[in-house]
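J.: Since the structure of chain U is already known, use the hints to place chain R on it.
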Amino acid sequence: MSTLTNNSFVNIFKANKGIIVVLILLFVALSIMSPVFLTTNNLITLFQQITINTFLALGMTYVIILGGIDLSVGAIVAMSGTVTVGLMVNSGLPIVLAIVIGLALGTLLGLINGAVITQFGLPPFIVTLATMYVGQGIAYIYSGGRSLRVTDEAFTKLGTTRILDLIPIPIIYMAVFIIIFSVILMKTRFGASIYAMGGNREAARLSGIPIKRIEITVYTLTGFMSAFAGIVLAARMYSGQPSVGQGYELDAIAACVLGGVSMAGGKGRISGTVFGAIVIGVVSNGLNLMGVISFWQLLVMGLIILVAVIIDSQKGKKLPFNLAFLKRANHDQSV
Amino acid sequence: MPSTVLEMQAISKSFGGVQALDGLHFELEEREIHALLGENGAGKSTLIKVLGGIHKPDGGKILIDGQEVSIEKVQDAQALGIGIIHQEIVLVPHLSVAENIFLGREPVKKSGFKNMALMNQQAQEMVAQLGLNIDVRKNVSELSIAQQQLVEITKAVSFDIKILVMDEPTSSLTGEDVQNLFHTMERLRDKGISIIYISHRFEELFSMTDRITVIRDGTYVGTKRTRETNTNELVKMMVGRNIENLYTRTKAEVEKREILRVEGLSKENFFRDIDFTVHAGEIVGFSGLVGAGRSEVMLSIFGAHKYETGKVYLYDQEIHIKSCIDAINHGIAMVPEDRKDQGLVLKNSVGFNLTLANLRNLMKNPLIISEAKRKESIQKYVNDLRVKTASADISVSSLSGGNQQKVVLAKWLSINPSLLILDEPTRGVDVGAKSEIYSIMNQLANQGLGIILISSDLPEILNMSDRVCVMREGELVKTLEEKEDITQETIMNYATGGDNIKL
Numbered sequence: 001m002s003t004l005t006n007n008s009f010v011n012i013f014k015a016n017k018g019i020i021v022v023l024i025l026l027f028v029a030l031s032i033m034s035p036v037f038l039t040t041n042n043l044i045t046l047f048q049q050i051t052i053n054t055f056l057a058l059g060m061t062y063v064i065i066l067g068g069i070d071l072s073v074g075a076i077v078a079m080s081g082t083v084t085v086g087l088m089v090n091s092g093l094p095i096v097l098a099i100v101i102g103l104a105l106g107t108l109l110g111l112i113n114g115a116v117i118t119q120f121g122l123p124p125f126i127v128t129l130a131t132m133y134v135g136q137g138i139a140y141i142y143s144g145g146r147s148l149r150v151t152d153e154a155f156t157k158l159g160t161t162r163i164l165d166l167i168p169i170p171i172i173y174m175a176v177f178i179i180i181f182s183v184i185l186m187k188t189r190f191g192a193s194i195y196a197m198g199g200n201r202e203a204a205r206l207s208g209i210p211i212k213r214i215e216i217t218v219y220t221l222t223g224f225m226s227a228f229a230g231i232v233l234a235a236r237m238y239s240g241q242p243s244v245g246q247g248y249e250l251d252a253i254a255a256c257v258l259g260g261v262s263m264a265g266g267k268g269r270i271s272g273t274v275f276g277a278i279v280i281g282v283v284s285n286g287l288n289l290m291g292v293i294s295f296w297q298l299l300v301m302g303l304i305i306l307v308a309v310i311i312d313s314q315k316g317k318k319l320p321f322n323l324a325f326l327k328r329a330n331h332d333q334s335v
Numbered sequence: 001m002p003s004t005v006l007e008m009q010a011i012s013k014s015f016g017g018v019q020a021l022d023g024l025h026f027e028l029e030e031r032e033i034h035a036l037l038g039e040n041g042a043g044k045s046t047l048i049k050v051l052g053g054i055h056k057p058d059g060g061k062i063l064i065d066g067q068e069v070s071i072e073k074v075q076d077a078q079a080l081g082i083g084i085i086h087q088e089i090v091l092v093p094h095l096s097v098a099e100n101i102f103l104g105r106e107p108v109k110k111s112g113f114k115n116m117a118l119m120n121q122q123a124q125e126m127v128a129q130l131g132l133n134i135d136v137r138k139n140v141s142e143l144s145i146a147q148q149q150l151v152e153i154t155k156a157v158s159f160d161i162k163i164l165v166m167d168e169p170t171s172s173l174t175g176e177d178v179q180n181l182f183h184t185m186e187r188l189r190d191k192g193i194s195i196i197y198i199s200h201r202f203e204e205l206f207s208m209t210d211r212i213t214v215i216r217d218g219t220y221v222g223t224k225r226t227r228e229t230n231t232n233e234l235v236k237m238m239v240g241r242n243i244e245n246l247y248t249r250t251k252a253e254v255e256k257r258e259i260l261r262v263e264g265l266s267k268e269n270f271f272r273d274i275d276f277t278v279h280a281g282e283i284v285g286f287s288g289l290v291g292a293g294r295s296e297v298m299l300s301i302f303g304a305h306k307y308e309t310g311k312v313y314l315y316d317q318e319i320h321i322k323s324c325i326d327a328i329n330h331g332i333a334m335v336p337e338d339r340k341d342q343g344l345v346l347k348n349s350v351g352f353n354l355t356l357a358n359l360r361n362l363m364k365n366p367l368i369i370s371e372a373k374r375k376e377s378i379q380k381y382v383n384d385l386r387v388k389t390a391s392a393d394i395s396v397s398s399l400s401g402g403n404q405q406k407v408v409l410a411k412w413l414s415i416n417p418s419l420l421i422l423d424e425p426t427r428g429v430d431v432g433a434k435s436e437i438y439s440i441m442n443q444l445a446n447q448g449l450g451i452i453l454i455s456s457d458l459p460e461i462l463n464m465s466d467r468v469c470v471m472r473e474g475e476l477v478k479t480l481e482e483k484e485d486i487t488q489e490t491i492m493n494y495a496t497g498g499d500n501i502k503l
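Chains U and R, in that order, give the protein sequences. Here the first sequence stands for residues 1 to 335, numbered as in the numbering used here. Here the second sequence stands for residues 1 to 503, numbered as in the numbering used here.
Same shape as in the complex, but just chain U (with noise of 0.2 Å):
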């Protein structure tokens, strides 16, 4: 319920609970049913499988808190993946060059998209739906549809060195975006504002939030995640390739909804968001390994999201009776 307090330790594992639940049986199921499960190197993989979802999880739990949706992140990651390659190998600029300029893109498609939402005070689920077009457009305008592919290592290096021959850096990247966009969703005023948008917009503005100015600069902060994550997948591929990123911004959302983000906004913490990416890194690692295919994988995932959300919906139910009451009220007088 408390937002502004300690991030320790054992304020994360009580936020969490369910989800940690979750994942301690799955742990306990697949290093029973798995001889390869639990070992180094298969966690390695796994947490290295769950990087680029979480990259763009974390803009999301941000654009979720502040009660709006983002769609546009996958199609952000495959521009911004092509564009940065392609200027690379097809117009030969320097390989620092090319990637500003990729992180330069996406976060401008963010930037849109917060200007044009809180310009003419349009739907994000409706504007995101359109520059996920616009993304996925350019990125097939850019390449002509194919892949293109990049061999200078001290490219793919930033998506494939290992730290100590044993830790692939993405997971570094992933756990320091982690802490920052941690601290600055829990410590700092404009974290506050995020959670007093989501949870009552109109509060927020007379208590002197610059509201549009917030949401703009959250839904810029996603824009950039999803590029980086795009130059960062472009490295670990050795290319650029148009069609990735197409649901990607769903896996985002679901890992958001499961570790206990409020769809209807206000509500959520950066940790929940990171156990849900790891639940879906696991699930879909651990029916790997038992050799399941993809199809099923889907089919599974579906199921626990499900699961995942009616508990928390029924946790919801044991709050005071009045609580409901209040949303009903509030509803009424929005129409």
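Warning: the hint list may mix true and false statements.
Stated by the list, open to error - Pulled from the structure, derived: some chain R residues nowhere near chain U, Cβ distances all over 12 Å:
#: 1; residue: SER12
#: 2; residue: GLU258
#: 3; residue: ARG339
As the list claims (entries may be wrong) - Computed cross-link-like contacts, DSBU-like style, restricted to lysine-lysine with a CA-CA straight-line distance of at most 35 Å:
#: 4; chain 1: R; residue 1: LYS306; chain 2: U; residue 2: LYS17
#: 5; chain 1: U; residue 1: LYS187; chain 2: R; residue 2: LYS311
#: 6; chain 1: U; residue 1: LYS212; chain 2: R; residue 2: LYS306
Everything labelled a hint here was simulated from the structure, so no lab data went into it. All values reported here derive from a predicted model rather than from experimental measurement. Cβ atoms here follow ideal geometry from the backbone N, Cα and C, with glycine treated the same way.
T.: Frame of chain U; chain R shown alone:
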């Protein structure tokens, strides 16, 4: 001796460990308007929900016309002729009045389509029977709040009810609309319907009701004939102690310095040519009917809305306020009218809400909020305003109305304002908290703040204001300067444009 329509005997209900109703007793006679009075949390709503089949009582008996009945679910209550009008309007805004009245039981033609002509005709008859002048073909969203409330009543009555429960129906109405509602209630009573009426406004209870039952902490305190009781007695019954003087206004000598001056403020269709001043140490009341433009003027000064022409001076310096942020930077604070929609982030904690407007002064460094300063500020205001909360970390929605309002007030006091605008600060607040809010206002004014008080509660305006500005249809028609001019009659006279409406 009139016969008893409804008897509720020894009703008990607990939620978890909380005893909401404890052996409560209530009796309703035929053709009477019976008020249910009690502080927030006394159990009124729970009792109504038991009667309406929303909650099942743990113990006790309900008798209707002397027959014991069991009300297990909402449909049972409806079948027994009990109609309930809740505080919030629950109509479908984009359907017509007639469609709302017949929602779920529309007359159909042989073809299976809705018989709109028949529906409109029957609905219009029902509306006319209650003496109302509403076009039933209009969409509900086109009606005023007051008219919507009357539609709710029409709908409830259309179910052939014997007992009508009205839960604070006037909380968003003033003047004429209240009168209209009262006429409708009288008609209902004449038709043989008994009414249970919940309201915090004493003047209404005295002008409308036949009897008053007071409950406190889920227990029955007593029932009085309205003619034979008075405010003091009722307040004493409600709070279980004497509140000697509800209103505290002891004007201290404060250097008479002008804080705010407004000249010719206008916004088309909202307000015209508003001039007024507020001095240090002064409480300026703003009275008028709902829709007179009082809140709009203040929201414009606070930067939440925009005004079109006119000038605003603060300490004799012209200021240009484009947003709430500007207003706050100039030391203007506003407790808005609607606590839940505008004042609080209900999902968040007491502490979160308390510090929301003042976080910039609670920073450890330019980026990070200081946890220590935050805690210190929360502690100070929880203590100063005596906010009753188990901890600063619990959700603000779990607090009572009065304590929620104190949290909003504290949020604004934390920015150290020089001008404090209060829009209906005691609406939906129980007597105990009301008296505390008045004493805080008095104290703040005596410390040199300028306070603007918008209120539809006339006794509050009369007792707390040093001067009263009366607004009517977007214009400030009169400023009453002298204490002896500030009377109910003069205010209502100016507010309504001379037609002397009895309130």
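J.: Which numbered hints are broken by the structure, listed smallest first?
T.: 3, 4, 5
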